[in-house]
Amino acid sequence: MNEFMRKMLFLPTQSSTIAQSIDTLHYTVIAGTMIGATVVFLVAIYFVVRYRERDRPFTKTPAIHAPVWLETSFIAGTLLLFLVWWQVGFAQYVELATAPADSIEIYVSAKQWMWRFAYPEGATSIAVLYVPAGRPVKLIMTSRDVIHSFFVPDFRVKKDVVPGHYTTLWFEAKQPGAHDVLCAEYCGTGHSMMRGQVIVLSAGDYGKFIRGIVPPLPAAEPPMPPSEPFVVTEQGAAQLQTSMVVEGQLAAARWGCLRCHTVDGSPHIGPTWVGLYGSTRSFDDGTTAVADEGYLTASMMDPRRQIVAGFKPVMPTYQGLLEPPDTAAIVEYIKSLQHAPGGTRVLPDVKVPASGPAFVPAEGTDVR
Amino acid sequence: MSAESYLVADKGVKSWLTTTDHKRIGIMFLVGVLVALFLGGVFALLLRLELLTPGRTYIDALTYNRFFTLHGIIMIFMFMIPSIPAVFGNFCLPIMLGAKDVAFPRLNLGSFYVYSAGVVITLGGMLIGGADSGWTFYAPYSTTSPTAVAPVGFGVFVLGFSSILTGLNFIVTVHTMRAKGMSWLRMPLFVWAIYATSIIQVLATPVLALSLALIAIDHGFGLGIFDPRMGGDPVLFQHLFWFYSHPAVYIMILPAMGVISEVVTTFAKKNPLSYKGIAFSSIGIAFVGFLTWGHHMFVAGMSIFDTGVFGVLSMFVGIFSAIKVYNWVGTLYRGHISFTTPLLYFFAFLFLFVFGGMTGIAVATSSLDVHWTDTYFVIAHFHFIMVGGTLTAFLAAMHYWFPKMFGRMYSERVGLFTAALVFMGFFFTFFPQFLLGNMGMPRRYYSYPERFQALNVLSTGGAFLLGMGVLLTVGNLLVALKMGPRAGKNPWQSMGFEWLTESPPTKHNFEASPVIDRGPYDYHLGLD
Amino acid sequence: MRAPSAVAAEHFEDLKQQGHAARLGMWAFLGQEMLLFAGLFALYSAYRSMYRADFHQAALHMSVALGTANTFVLLTSSLTVALSIWAARARRPRACIGFLIATLLLAAAFLVLKFTEYGHHFAEGIFPGRYYHFAELPQHGAHIFFTLYFFMTGLHALHVIAGMGVLTWVLLHALQHHWTPEHHVGIELGGMYWHLVDLIWIFIWPLLYLVL
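Residue numbers (this note's numbering), protein chains in the order written: chain F, 1252 to 1619; chain L, 80 to 607; chain W, 58 to 269.
Hints were generated in silico from the structure; no laboratory data involved. Mixed in with the good hints there might be a few duds.
[Unchecked claim] Stretches of chain L that chain W covers, calculated by requiring three or more beta carbons in the stretch to come under 8 Å of a beta carbon on chain W:
hint: 1; stretch: 272-283
hint: 2; stretch: 311-322
hint: 3; stretch: 570-583
For glycine and all other residues, C-beta sits at the position ideal for the given N, C-alpha and C.
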């Protein structure tokens, strides 16, 4: 029955764990819609035929007013039906919006007109997202320029990707296969070419991917060749054996973060990074906030906005200097520093005066 | 036409261009909106042609993006929003109230000139490069696009003022110029519909003006209020934009519902099943319609709580439309029904609007909307309502009030035929788009994966059929203007108040202000 | 200029209906103006909750003195315009003219104070949008605060100028003694518009100057 309805309605395969329950609601609602429209229409046709004027001249018609019970029951019945649909749909929406705690977290960076994925283990790929089957995957997404939207029809998931924000989306793919990714928020001339694929690998193959061995792609329709010269290349996982955490560590050293922030728990010019992620920060104006990915990123881009109590507002802004891949890597590094002094210490080699000058990258630093 | 009719009372082009007669202003708007409909339709056909093949068919992506932007802007702001109110509201509302004109006739003429200026500015912007932001102008794309967003946005800003002035005029007219004996509950339902529409026009359009001003100034001068690099939030633009643009869709559909109320009661020769139901549900839509804008943003990054609230409120606003639908069908019960072209349009409306409206309830079901939003499903949904609903009702109104406005009758047989053509063309254009949305084809796609092609070809075929149908419909009426048989005062034997005047009416509608001693649907009293 | 007619316009039944329609029309127009500014207040509220500390810092840089002076100026101008309407109704045309002139002078004073204030901001590098370069407050929130400040007060100033135009028209009629106890709808409408311009400032002032 499910397959029959799915095909009748031209819905794609139900390749995520949530897809079938969403489709079941879909069938119910659409069937209700079509039945409702048809019944109303047929009743109207019946009345027109039954009460047509034929050849009788008009004298008068009875003044009929709907009795209150009729109006009430029709309205209440219709409203009840709509609210039941809403209830089921909202419950599913909450499920779609709440990633399981054990999800693999992958960063997505969208820019005109390509998708870039960064894996926890340090690999990156363009246009193709590799995920394991049978495990929940959470995407943490931001845009480098305008609003995009990450859409995988086969999984029934979609979320806008907004510059200046992180948005998230999660799914669990049921089995290995390839699924189209489409950009669903108009973003300019390359909007319809901004496509990609989710390649779902078996657990074994995903392990190999992580260890740097490029797996053979399952037989699937490759992304549409562009008619204009866009950079939509496929890249296997692998040159990097390092993790995003180590990348972040390197970036933090390169950009001078460690001149003011320690990784051994001791306060310095800025708060220590140990135990920072997930903690509740107290600011000098009395407000508080939980240090999540958004907070950490905002602190790099707009550091004077919220000053942690007891520290001076001397941190320079990295807006326009740090690109999202590095930003995300630094965030991941900070996330890894939950206990002092576990992380690797990288000693700052310059003594920074208390008033803190604006940061200038050292000569020859590769700022990508 | 009698020598006294408004059409010939004053002669010469200048007398038309400086008229304050609401009927002449209505006719001038009619010319304007029909030109807009034609232009918007041409852009639609141009972009449907491109969509015949998965890759490039005959234009490049930038041109395609300009075409869909202009199609949307022209259709919404130059046709849909003004159409029924500025044409039929202007023509019929004062007569239906027993008044000699609207409250501010010179402002009414001003409203027409503001509309014309808005059209000229927007089309001028189109000629210097047009906009490619989509009619929704989302930041930061709209503020950084290399196209002429600022002049096009400014043109729409000006068009908005025409809408505000028309709405203001109607509100005051309804409050202050009803004839003696016309209580609120004796007003025709078309008047209630226009009144509710006018409230939305006056209160919602300023927010659009603000949104577009912010975008245009940002584009031209780097205001940056929605630019994340300055700390701005692009999602805030969406909230501001949809705060107007959702009520705007009720500006587009309420007058259509008003037309349907008049058509059903006249051709069933019967009182509406619940007059208060239809009247008050219009006010209900106007009010609750302001509270549902977030349902355009379920995947935009809104909180879960917001999604829940906006979803529920969207379900409520749908109930008001359901009330009307039940009423219209119930009005046919034990009526004395004559089957004419306007009634055929009613049937088309009934099926298409109910189906389209129910898909609106479907997309308000948040989890389903995650799949459907920004795909062709939504495009199909709103075209079912705007074309299947509003355009259908507009064409119904053209046929229904044609004898009143011009004193002639059109060919009924040709009218029935062109109505059927419009319906079929419409269905083949837009029904496949529901399926394309289900398959996952996103909106505003210049090129697409091959598996979407068959349905796209079908849709393009339907679009040309629809275009032909609309052209023939209008053509039939144009022919009737010159060659149709003269119509009497009340060819439909309606008890509506506008049928008390001559066809076409004299310049002042009534020589003496009428005194109203019955309702407009008192068919149980027998005809006058 | 022609005096207001002793007879209602053609499409109205009588002068009473005409006056009623005119006032209702102005109320509807004022409603629409309120929604225009309401959108800006909503933007302000949203950004304020996003950037609480920055807005606080930025507001400290506003001249409460100039803002408050402007509030007094506008409030007084509302008084003078109301008095001009009273004078018309009391058949005191010279008082009516005097109060209208006072209103216009106060409106001009408002603009002078406002543009002086803008000048101070420009001198410090506080400009709207991408031209902002106030080094002391580089934070995003401060930048947004000032951009909103310029847009809100700029839009308001445009309405002040429009209101001065309206009141000038009213004054020209007043100079010909056209406003009488029998015909004063026009001056009432002008006064209503002016009150709205004042009211909008009454909302802007605390939001930008006082609320810390």
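Consistency of the hints with the structure:
Coverage of a stretch by a chain is defined here by at least three residues with a beta carbon nearer than 8 Å to that chain's beta carbons; for the stretch 272-283 of chain L and chain W the count is 3, and the condition holds. For the stretch 311-322 of chain L, the proposed coverage by chain W is satisfied: 6 residues have a C-beta within less than 8 Å of a C-beta in that chain, meeting the threshold of three. As drawn, the stretch 570-583 of chain L meets chain W at 0 residues by the rule of a beta-carbon pair under 8 Å; below three, the given contact is violated.
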